[in-house]
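Engineer: Residues per chain, in single letters:
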Amino acid sequence: MSEKTEKERAPKDLKQRYATVRQEMPCQDPSARARNFQEVALGLEIEQALAEAYRCIYCTKPDCISGCPVGIDIPGFVHKVEAGDLAGAAAILRESTLLPAVCGRVCPQEEQCEAVCKVGRGKATKGPVAIGRLERYVADWERAQGNAPAPVIADPTGKSVAIVGSGPAGLACAADLARAGHKVVIFEALHKPGGVLVYGIPEFRLPKAIVAAEIEGLQRMGVEIICNFVVGLTRTVDELLEEFDSIFVGAGAGLPYFMDIPGENLGGVYSANEYLTRVNLMGAYDFPNNDTPVVRGKRVAVVGGGNVAMDAARCALRLGADEVRLIYRRSADEMPARAEEIHHAEEEGVVFTMLTNPLRYLGDERGRVTGVECLKMELGEPGPDGRRKPVEVPGSEHLYAADTVVVAIGNGPNPLVPRTTPGLETNRGKIVAQGETGKTSVKGVFAGGDIVLGAATVILAMGAGRDAARAINEYLETGNW
Amino acid sequence: MQIFKDAHRILERRDLAPKVTLYRVHAPNVAASRKAGQFVIIRVAEGGERIPLTIADADPAQGSITLVVQEVGTSTARLAALKEGDVIADVAGPLGSPTHIENLTTVVCVGGGIGIAPVHPIAQAYKAAGARVISVLCARTSDLLFFRDEMAAASDEVRVYTDDGSEGKKGLATDAIRDLVAEYGTIDQVVAIGPVPMMKFVSLTTKELNIPTAVSLNPVMVDGTGMCGGCRVTVGGHARFVCVDGPEFDGHEVDFDEMTRRQALYKEEEAESLQHFHACASEGVRA
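Taken in order, these protein sequences are the chains called S and X.
Counting along the first sequence from 1, when you hit position 328 you're at 328 in this note's numbering, and nothing is skipped either side.
Offset between the second sequence (1-based) and this note's numbering: plus 1000.
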């Protein structure tokens, strides 16, 4: 498009738009919320949403769309909000994303759409348009209306697709395939669908009712979900290929890493997956009304610096800990967690102990953890990923008391599907899949999300699910592999 | 292979011993694919725990699996409160790696107490593979024994040992091993399933006698698919996940003492939970 068009498009009140401040997300008070499981971020008020949408400057070549892993028409929906047409905004979101209420909450927008928003550039900027907050606002508005219109579904194709895993990758893939008219069945190993959205991300960051509502929407589109079905064991991928024309594997990064240091098997030392699954999926925060317990430590140490570590630390506070210490081997600058999550954790009182690495765990005669011995670290030369490598400081051993430890240092790919699918090519346990299509080495089998990427984000998994859905559509149409 | 979406209904419920009950459950997906040594995870009802239970038997034609459960805590009490025709909310499986059935001459299958149920399909599998299977049923006292006929059908020979001598020979599982070695000379493989102390001492005995020994572990689990690592045990100095690497391991390599300590982690919570369950039950509300 020419320069002239841009000028024509540009609103006359640009100065005023630039001068409008970025709307802050209203939140529960830190001291109160650190003791309850209700959602921390309360959502914008309508006046705030309108003011925030007004901050968009109508770029001719908006970078935000390409900053979004699923290519949402961001200016389109923001302009609808600005005009007060929330139903119109919701319809635009629905074109590209199955889970706007989820993504509005958990996407790292500051690294994606908002990172490239032109409003956020320049010295005088008041920050990029709060796209994530607006997305959430629209999705929550839509859900509150009830009966969101079911998406238009193509005529039945007579083809069927099995989806392995009901996490973000599988749900996104299922939605697009159902829309294309294929029969879609999702197989979930756990008793409840949603994958990491239900077992991992805590209620206070992502209310489970929202996940349930999004999944119900999928079921209204005709997608069938079969729980308690462990692909690889209940049926193998090969057996499913006898029943289905194609398979998408989105089994996730479900194999927690431990550090392999002494004392890691002491009672009270958890993987983040176990800790969060007990609390979130099994409802241990409401023990004994729910049957599943979790150790409610008074002094909790969380090892790691990602979003999962923040979730675990904040859960520990809510379970009644007096002190929650987050131990991370690099400095705050290298922490992979979202800035917002770190900020929330700090506000709630999590103690950050940086440049420190556990050496071993100490226990009592009953075999329960009592402390963690650590070493100080310093940053050395940059590693292959560009981040400076932490190096041990000799003689810096020191001890923190801890009656609960949560190890949140990441996950490997779950082994069940790779182990039981002959001919499926893997690389260090991860399924090898083509970037654009998700095609694996087995004809008819596609894969995406954390089982391919290693532990990544909800939105990247959704993006991979959608890419695979496109490729599956093409494969089912042409039969070409 | 057909995929079923049926409810997990209890087809048969039969008391085998005090607090030990057999449940035959409609679970056709599991029945069709399960192999000896595998287990299921069940959740009795909404709000309940996920607990692992070894599959004691299966009938693929009928679409049923058999579980033998000892009532010890809230989850098993919830299960015990169900009647024939009732539905178990969730049954997922088969989980774990199947027993590695080798071509062996003489195999001794030891089931201690509730461990008789999980050793049953392994005896069946070894017998089907052509081994001479000698099964040993052990318990504190005669009342706690069950599956006498089932084990007889799955074995060439069955021996019974009780601590108090009320049935069979008076003695422990370790005595049985020594007796059988004295009688038969060579034993190719021992499979021992039962309480942790029994498996520990059988493994110590067979290590001394140089007999390969498999034990099947039943630690606390949550998902049962490798996702949480709550079931980790130390085997040969390395942490292993029972749910995906097991449940069977070389008994000579398992750190049983660590496992015992890990099993006791929720002792207080388990007592609190059971008290809560009984209080709710007596008030007539769902716990």
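Honestly, the hints are just simulated from the structure, not real lab data.
Every value quoted in this text rests on a predicted model; they were computed, and no experiment measured them.
It is possible that part of the hints are untrue.
Output of the computed footprint for chain X on chain S, the stretches with three or more beta carbons under 8 Å from beta carbons of chain X [said to hold, decoys possible]:
#	stretch
1	96-104
2	189-196
3	220-231
4	235-247
5	283-297
6	456-464
The C-beta atom is built at its ideal place from N, Cα and C for all residues, glycine as well.
Engineer: Does each hint fit the structure? Answer for all of them.
Structural biologist: How the hints compare with the structure:
1. 96-104: Violated - the stretch 96-104 of chain S has 0 residues with a Cβ nearer than 8 Å to chain X, which falls short of three.
2. 189-196: holds (count 3)
3. 220-231: holds (count 5)
4. 235-247: Coverage by chain X holds for the stretch 235-247 of chain S (4 residues, Cβ < 8 Å).
5. 283-297: Since three or more residues must qualify, the claim that chain X covers the stretch 283-297 of chain S holds, with 9 doing so at under 8 Å.
6. 456-464: This one is violated; 0 residues, fewer than the three required, reach chain X with a Cβ under 8 Å.
Figure legend: structure checked against the earlier numbered hints; hints not met, in rising order: 1 and 6.
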